[in-house]
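J.: The lines below spell out each chain.
4 protein chains.
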Amino acid sequence: MNTQDRLPEDRIKLKRVGIRDLKTLIKIKRKGKEYWHTPKISIYIDLSEERKGIHMSRLIECIIEALEEEIKEEHYSLEALGRNILEKVRIKHTYQRGEISFSSELPLIKKTPKSRKSTVEVHDVHVKVIYDGTWKKVLRVEVIGNTLCPHALEVSGKTHIQRAKGRLEIECEFEKDISLEEMIDVVEESFSSRVYTLLKSEDEADVIKSMHENPMFVEDVTRRILERSKKFGCRAKAECISYESIHRHNVYSEGEI
Amino acid sequence: MNTQDRLPEDRIKLKRVGIRDLKTLIKIKRKGKEYWHTPKISIYIDLSEERKGIHMSRLIECIIEALEEEIKEEHYSLEALGRNILEKVRIKHTYQRGEISFSSELPLIKKTPKSRKSTVEVHDVHVKVIYDGTWKKVLRVEVIGNTLCPHALEVSGKTHIQRAKGRLEIECEFEKDISLEEMIDVVEESFSSRVYTLLKSEDEADVIKSMHENPMFVEDVTRRILERSKKFGCRAKAECISYESIHRHNVYSEGEI
Amino acid sequence: MNTQDRLPEDRIKLKRVGIRDLKTLIKIKRKGKEYWHTPKISIYIDLSEERKGIHMSRLIECIIEALEEEIKEEHYSLEALGRNILEKVRIKHTYQRGEISFSSELPLIKKTPKSRKSTVEVHDVHVKVIYDGTWKKVLRVEVIGNTLCPHALEVSGKTHIQRAKGRLEIECEFEKDISLEEMIDVVEESFSSRVYTLLKSEDEADVIKSMHENPMFVEDVTRRILERSKKFGCRAKAECISYESIHRHNVYSEGEI
Amino acid sequence: MNTQDRLPEDRIKLKRVGIRDLKTLIKIKRKGKEYWHTPKISIYIDLSEERKGIHMSRLIECIIEALEEEIKEEHYSLEALGRNILEKVRIKHTYQRGEISFSSELPLIKKTPKSRKSTVEVHDVHVKVIYDGTWKKVLRVEVIGNTLCPHALEVSGKTHIQRAKGRLEIECEFEKDISLEEMIDVVEESFSSRVYTLLKSEDEADVIKSMHENPMFVEDVTRRILERSKKFGCRAKAECISYESIHRHNVYSEGEI
Numbered sequence: 001m002n003t004q005d006r007l008p009e010d011r012i013k014l015k016r017v018g019i020r021d022l023k024t025l026i027k028i029k030r031k032g033k034e035y036w037h038t039p040k041i042s043i044y045i046d047l048s049e050e051r052k053g054i055h056m057s058r059l060i061e062c063i064i065e066a067l068e069e070e071i072k073e074e075h076y077s078l079e080a081l082g083r084n085i086l087e088k089v090r091i092k093h094t095y096q097r098g099e100i101s102f103s104s105e106l107p108l109i110k111k112t113p114k115s116r117k118s119t120v121e122v123h124d125v126h127v128k129v130i131y132d133g134t135w136k137k138v139l140r141v142e143v144i145g146n147t148l149c150p151h152a153l154e155v156s157g158k159t160h161i162q163r164a165k166g167r168l169e170i171e172c173e174f175e176k177d178i179s180l181e182e183m184i185d186v187v188e189e190s191f192s193s194r195v196y197t198l199l200k201s202e203d204e205a206d207v208i209k210s211m212h213e214n215p216m217f218v219e220d221v222t223r224r225i226l227e228r229s230k231k232f233g234c235r236a237k238a239e240c241i242s243y244e245s246i247h248r249h250n251v252y253s254e255g256e257i
Numbered sequence: 001m002n003t004q005d006r007l008p009e010d011r012i013k014l015k016r017v018g019i020r021d022l023k024t025l026i027k028i029k030r031k032g033k034e035y036w037h038t039p040k041i042s043i044y045i046d047l048s049e050e051r052k053g054i055h056m057s058r059l060i061e062c063i064i065e066a067l068e069e070e071i072k073e074e075h076y077s078l079e080a081l082g083r084n085i086l087e088k089v090r091i092k093h094t095y096q097r098g099e100i101s102f103s104s105e106l107p108l109i110k111k112t113p114k115s116r117k118s119t120v121e122v123h124d125v126h127v128k129v130i131y132d133g134t135w136k137k138v139l140r141v142e143v144i145g146n147t148l149c150p151h152a153l154e155v156s157g158k159t160h161i162q163r164a165k166g167r168l169e170i171e172c173e174f175e176k177d178i179s180l181e182e183m184i185d186v187v188e189e190s191f192s193s194r195v196y197t198l199l200k201s202e203d204e205a206d207v208i209k210s211m212h213e214n215p216m217f218v219e220d221v222t223r224r225i226l227e228r229s230k231k232f233g234c235r236a237k238a239e240c241i242s243y244e245s246i247h248r249h250n251v252y253s254e255g256e257i
Numbered sequence: 001m002n003t004q005d006r007l008p009e010d011r012i013k014l015k016r017v018g019i020r021d022l023k024t025l026i027k028i029k030r031k032g033k034e035y036w037h038t039p040k041i042s043i044y045i046d047l048s049e050e051r052k053g054i055h056m057s058r059l060i061e062c063i064i065e066a067l068e069e070e071i072k073e074e075h076y077s078l079e080a081l082g083r084n085i086l087e088k089v090r091i092k093h094t095y096q097r098g099e100i101s102f103s104s105e106l107p108l109i110k111k112t113p114k115s116r117k118s119t120v121e122v123h124d125v126h127v128k129v130i131y132d133g134t135w136k137k138v139l140r141v142e143v144i145g146n147t148l149c150p151h152a153l154e155v156s157g158k159t160h161i162q163r164a165k166g167r168l169e170i171e172c173e174f175e176k177d178i179s180l181e182e183m184i185d186v187v188e189e190s191f192s193s194r195v196y197t198l199l200k201s202e203d204e205a206d207v208i209k210s211m212h213e214n215p216m217f218v219e220d221v222t223r224r225i226l227e228r229s230k231k232f233g234c235r236a237k238a239e240c241i242s243y244e245s246i247h248r249h250n251v252y253s254e255g256e257i
Numbered sequence: 001m002n003t004q005d006r007l008p009e010d011r012i013k014l015k016r017v018g019i020r021d022l023k024t025l026i027k028i029k030r031k032g033k034e035y036w037h038t039p040k041i042s043i044y045i046d047l048s049e050e051r052k053g054i055h056m057s058r059l060i061e062c063i064i065e066a067l068e069e070e071i072k073e074e075h076y077s078l079e080a081l082g083r084n085i086l087e088k089v090r091i092k093h094t095y096q097r098g099e100i101s102f103s104s105e106l107p108l109i110k111k112t113p114k115s116r117k118s119t120v121e122v123h124d125v126h127v128k129v130i131y132d133g134t135w136k137k138v139l140r141v142e143v144i145g146n147t148l149c150p151h152a153l154e155v156s157g158k159t160h161i162q163r164a165k166g167r168l169e170i171e172c173e174f175e176k177d178i179s180l181e182e183m184i185d186v187v188e189e190s191f192s193s194r195v196y197t198l199l200k201s202e203d204e205a206d207v208i209k210s211m212h213e214n215p216m217f218v219e220d221v222t223r224r225i226l227e228r229s230k231k232f233g234c235r236a237k238a239e240c241i242s243y244e245s246i247h248r249h250n251v252y253s254e255g256e257i
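Protein chains in written order, with the numbering used here: chain A, 1 to 257; chain B, 1 to 257; chain C, 1 to 257; chain D, 1 to 257.
Heads up, some of the hints might be wrong.
Intra- or inter-copy, both count: the list cannot distinguish identical chains.
Unchecked claim - Listed next, the in silico DSS-like pairs over lysine-lysine satisfying Cα-Cα at most 27 Å (straight line):
| hint | residue 1 | residue 2 |
| --- | --- | --- |
| 1 | 165 | 237 |
| 2 | 88 | 200 |
| 3 | 88 | 114 |
| 4 | 136 | 114 |
| 5 | 23 | 111 |
| 6 | 33 | 128 |
| 7 | 158 | 31 |
| 8 | 23 | 165 |
| 9 | 88 | 158 |
| 10 | 27 | 88 |
| 11 | 15 | 165 |
| 12 | 15 | 136 |
| 13 | 88 | 230 |
For the record, the hints were derived by calculation from the structure and aren't laboratory data. These numbers were taken from a predicted model, which means no experiment stands behind them.
Hey, can you work out the whole structure from these sequences and the hints?
T.: Now the structure itself:
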């Protein structure tokens, strides 16, 4: 009998046991475009109070098998791949609840606001698939923008401005069709201004104008993200952190719908 | 009327609004010993759908006032200080739910196992106080140890060993008397062996002996932490992450009682 | 006259002025294989004591232009792309010394040692190109492995084992033909054992055997990397950091040839 | 014969071998004030091509012994403590070159600019002592401030503002009397404005006014730090990184005198 299959000394059920921060290469084809990810993958299953340990290598085998099929069959999203892996695990290893997550980056091609030049913008994305009888997914994006303080502007005509980061996390049934691109767009639209990697003079002037026309607290950004996320029809959690230019610390806001 | 006190454009309640990662200096006197912390402090209150923003500077004023009293009156724990700050905030700013957390380090003086030399061991600690009608606290410690694989040992007589990190988080009513030191002790006792900053030859031999006598999976470490935490009589969450010596990735286990 | 082109208040020459941690998408074709990177790019030029500032957006334009050509002309390495960018910058912006660096990851397909299964291993890589009259490059790889302590093994027959990270950095003239793959191989061969993402039972036994047959201090790993790097015929710097399983701290070794 | 004292397989001299990121508790008394540090300590010595390894535990013993004397004799600076430790190591272990560094934080009590309230500001500091025949030290401070873009302001009357971080590193003979506080002051004075943890309305208005009166590029901040550091009469290196509010990436400047 394998060491893992014995009775554990302490008979306690565990919720998550598995692999954390495994890096690998994943190629996704989606609507005619190709995306290469080298994500950090975490995969966990639960463990009954009757068994000492899980078989870690089976989790990795399932990841590798799914990726090999990938090359032939072309998965169309990280979610689909994640579900495929969890289904393979269920054949090799009993579990009641399983989850797999991918932390990666999504490069998007955009146009600068005035000069209309091409620019690539890279965003942090996080995709999780959960099975606990039904299939669910959690999608998360983190997007850079900025805040311009409305209070100081009102009081003195001058104000402070800073980089901010917005985060949107959506939890829904697996089949729901929500793209990371749409979610990124919701967050970007919720700042004082969008930001860009390339800015020609006319673009920079446009971004500065936009910031001054849209003074926003972190509270405003968070609420705007939530308001715009209502269209997804799911549970949504939004955060905004602002790296204050007048303080050493950050300001933060968080809410849910 | 202050900008913050106006109606927001999007009428959505927010759960957490405030300051993140403020650093300051805190001196605690506890049972005759003095502890200096330069923690990262985060403090959040909720915000009704009727107000555009909170008054951030009032949160900071309350922190500073509480710390100044500290110098005269001597607080005896980060929890007590946190509650004092949240009580001050309630006078200056309406809220239904408030929380403050301190991320810091706790240096403890220990004896090496055999040579009985003095050594200082520093652990990461996290203390949170929550008010939402009643007062609660969340205490968390992170402790370094190791795992020695029982499966490989059994199969081949030889095995792999690695650094691991254990984490214990306890949530309870504010008045409950639980010390971070006791929690650290629970985690340290749950590894294949404790580790030390100083190890003379005889101590090193003792640690290696202890590791080989206590082969443990991350699952075993997590369950052992939970089993030993039953004495606290509270909701406890335990984690163990093992920085595998035979893999690039980590293995992980998590459970709750 | 542009603000940047004015005389600065303090007439001091600066060595590095530019962009740090810009993320973008880069596709490299090399020996029939395709590699997609989303690296962090930093690009700096020097600035004479006669000018207040550099024109930051020109650096970004050159990156974007080079990447667009890329799509048509297919660059064969990050080094070649970096040189292309720095050459473009020289047309748009005076400088005496310029440098560009890419921090990225390299996924390599390997076979497990015994079961001969395919596995993907991802390594951190760093490529820098410098122009200061002549063209140079600096190549760096970071590779995970392990150390098994020879001293404890000798003294007590038992020992401690832990994850370690090796780093090799090579500085040479631009034209020198050295691949990141060869450098990764040099580091991997220098540990007590290579590590793998996938390990079937027979592979795990092989890795454990290899560790026990090759006890090594961080000093040994560092010297072995340097010894094996002599074949490159360049200035080489090697480091090894070992995440000790018997201590909270790490041990470290560094040398140059 | 100890394993460490044998001949190594590869006869290569190593420049730095030792302990990295050891955490401990240090109490410094300096001009009537007490400072508690829980720094990360790294300590390295060189190793001849004739010996396989150094005796790591002797380095740690020397740190502990020096800290125990500390309690009785009161060291007056991290530099003095570092030199004491390196001198102890020289008795227990041969070396040609040794170095020790402390990464810590320095909390300073300040007054807000207008309301004259007390506020604590915490800065990252780094102290290194080197012995290679003579005694030298390297002092480094990292300070948060901000930049307001002079170019955008000039072109459009409006501009962008962001958090920035300045760094000053000074290398000099050990006996030179330079305080970290003076160095922090030099960096803080070189931004568009100083920043504060507490800001009452009148203070915030003052900081915003100061930013708008002192538009600065990262190049300006770097040069200003260097210009002000001339008074120290040593080799100085300055850096400024600006977390742009209109871009996802950062801008950077670096120079030396």
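J.: Using 27 Å as the alpha-carbon threshold, which applies to residue 88 and residue 114: within, between, both, or neither?
T.: Classified as between; 24 Å across copies, 49 Å inside a copy.
J.: Measure nothing new, just compare the shortest in-copy and cross-copy C-alpha distances for residue 33 and residue 128 to 27 Å and report within, between, both or neither.
T.: Within one copy only: 22 Å inside, 30 Å across.
J.: Cα distance capped at 27 Å. Does residue 23 pair with residue 165 within a copy, between copies, both, or neither?
T.: both (25 Å within a copy, 16 Å between copies)
J.: Within a copy, between copies, both or neither: which one fits residue 88 and residue 200 at a CA-CA cutoff of 27 Å?
T.: between (50 Å within a copy, 17 Å between copies)
J.: Taking 27 Å as the upper bound on the Cα-Cα distance, should residue 165 and residue 237 be classified as within, between, both, or neither?
T.: So residue 165 and residue 237 pass the 27 Å test inside one copy only (14 Å; across, 30 Å).
J.: Is it within, between, both, or neither for residue 88 and residue 230, if the alpha carbons may be no more than 27 Å apart?
T.: neither (34 Å within a copy, 36 Å between copies)
J.: I want to check one pair: residue 27 and residue 88. Are their C-alpha atoms no more than 27 Å apart within a copy, between two copies, both, or neither?
T.: within (19 Å within a copy, 32 Å between copies)
J.: First find the shortest C-alpha distance between residue 15 and residue 165 inside one copy, then the shortest across copies, and answer within, between, both or neither for a cut-off of 27 Å.
T.: between (31 Å within a copy, 18 Å between copies)
J.: Which holds for residue 88 with residue 158 at a C-alpha limit of 27 Å: within a copy, between copies, both or neither?
T.: neither (59 Å within a copy, 31 Å between copies)
J.: When Cα atoms must be at most 27 Å apart, do residue 158 and residue 31 count as within-copy, between-copy, both, or neither?
T.: neither (46 Å within a copy, 42 Å between copies)
J.: How would you label the pair residue 23, residue 111 (within, between, both, or neither) given a Cα cut-off of 27 Å?
T.: between (32 Å within a copy, 16 Å between copies)
J.: Please work out whether the CA atoms of residue 136 and residue 114 approach to 27 Å or closer within one copy, between two copies, in both situations, or in neither?
T.: neither (41 Å within a copy, 38 Å between copies)
Checked against the numbered hints above, the structure violates hints 4, 7, 9 and 13; every other hint is satisfied.
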